[in-house]
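Here are the chains, one letter per residue:
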Amino acid sequence: MIRANFIIALLGVILLVIVINMVRTRRLQERYALLWLLAGIGLMIAPLFIPLLDEIASALGFAYTPALLLMLAVIGLLLLIFQLSLSITRNSEQVKVLTQELGLLRHDLEVLARQAKANPPAAVEPGATVALSEEEKIEYDAGPR
Amino acid sequence: MSFSTYPRRLIIMPAFNEAANLPRVIPEVQQAAPGYDLVVIDDGSTDGTARIAVDLGAEVVSLPVNLGYGGAVQTGFRYAVQHGYDLGVVIDADGQHDPAGIQVLADAVTCGGADVAIGSRFRGQLKYRVPWVKRIGMAVFGWTASRITGRQVTDPTSGFQALNAEAMRFFAADNYPVDYPDADTLLILHYAGFKVVEAPMTVRDRLSGNSRLHGGWKPIYYVAKMWLAIAMVVLRQKTNIHPRRTAV
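Protein chains in written order, with the working numbering: chain A, 1 to 145; chain B, 146 to 393.
Warning: the hint list may mix true and false statements.
Unchecked claim - With a cut-off of at most 25 Å between alpha-carbon atoms, the simulated DSS-like pairs for lysine-lysine come out as follows:
| no. | chain 1 | residue 1 | chain 2 | residue 2 |
| --- | --- | --- | --- | --- |
| 1 | B | Lys383 | A | Lys96 |
| 2 | B | Lys383 | B | Lys340 |
| 3 | B | Lys279 | B | Lys383 |
| 4 | A | Lys96 | B | Lys370 |
| 5 | B | Lys370 | B | Lys279 |
| 6 | B | Lys370 | B | Lys383 |
The hints are simulated quantities; they were obtained by calculation from the structure and are not laboratory data. On a predicted model such as this, the values are computed, not experimentally measured, just so you know.
Using the sequences and the hints, build the whole thing.
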């Protein structure tokens, strides 16, 4: 029993260390790390609650105590996966919009390139004065932004 | 043919690896619909679809990755909105849609007062075999859409459509599925107050390549997803989560 407690707590500590290190090196974002950190802390302190577990299980009507543990574990995993599904939905929507915009912009760019090729802008001699349009004057007078 | 009320018209052709079909389909479409601009949305093809379409005189928008049919068509709507088109006609690049239908659909919008006209293969001529799974799906979801909209829907999956500028703005903003528009999309249009009509069209066997919805688990996934999508559209309407009507 003591050895089992030790192994569980050790797993929790290892999980915490891995997650914290992942966040430290920016391979895992904080918002996705929170639930994993909770899981690590849960594992770490789980041995403290093992004496309580039998009481809780019988109070909730579980005939077999480990079934309660398994259920809690499954609920925790479901929460994690659900959070991932939410972020996948958001990501795929963003990827879709970005892909469409990229395609449309690339097309606009090709059209502009075609037009520029058809009527190239007149070359400006070095030192020549160039008349600014009204809009450009206003922008120029406003100074650097 | 009068272009006076809808002077700027666009044909939107989503294409994913259709290099084999385009050399026949594009000239056919251009011939059937003079005065229309043509934009091919190359949905991340790997077979040179974009280059062939450019050579055939189409404007081409190339998506860097494959989005799926709905994502490509929606790109076409965004293109139409950005360039100020009054009317858009969506037609498949595989040659299944007889381009003669372009005028019929366009007339239903320009003269018939519809916002969206949908080509129905069950009102026109059917020159190819519809797989039985697809047939049942279309019948069931068409019936459901008919019941809810109070108008007969015989072909909810048809991709041959004409839309006016307002309907294209509606779909350019949001409200369009990235995979396949279906009965749920018709319901969204209905609830948003758009007038949708069906017009007869002829559907032929595709020239080359494979169609969607064949084999394995796909039909089962399709049916389940459609029920969920339809239920969600109805639920959103009941709980006043209304779709956006303005472009982003």
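Going down the list of hints, with the structure as the test:
Between lysine 383/B and lysine 96/A, the direct Cα distance comes to roughly 28 Å. Violation of the 25 Å bound is thereby established for this hinted pair. A distance of roughly 20 Å separates the Cα atoms of lysine 383/B and lysine 340/B; the hinted pair therefore holds under the 25 Å criterion. Pair hint lysine 279/B plus lysine 383/B does not hold up; C-alpha atoms about 29 Å apart against a cutoff of 25 Å. For the hint linking lysine 96/A to lysine 370/B, the alpha-carbon distance of about 20 Å falls within 25 Å, and the restraint holds.
With a CA separation close to 14 Å, the supplied pair lysine 370/B and lysine 279/B stays within the 25 Å bound. Proximity of lysine 370/B to lysine 383/B is assessed by CA-CA distance (about 20 Å); at most 25 Å being required, the pair is judged to hold.
When the structure is compared with the earlier hints, violations turn up for hints 1, 3 and for no others.
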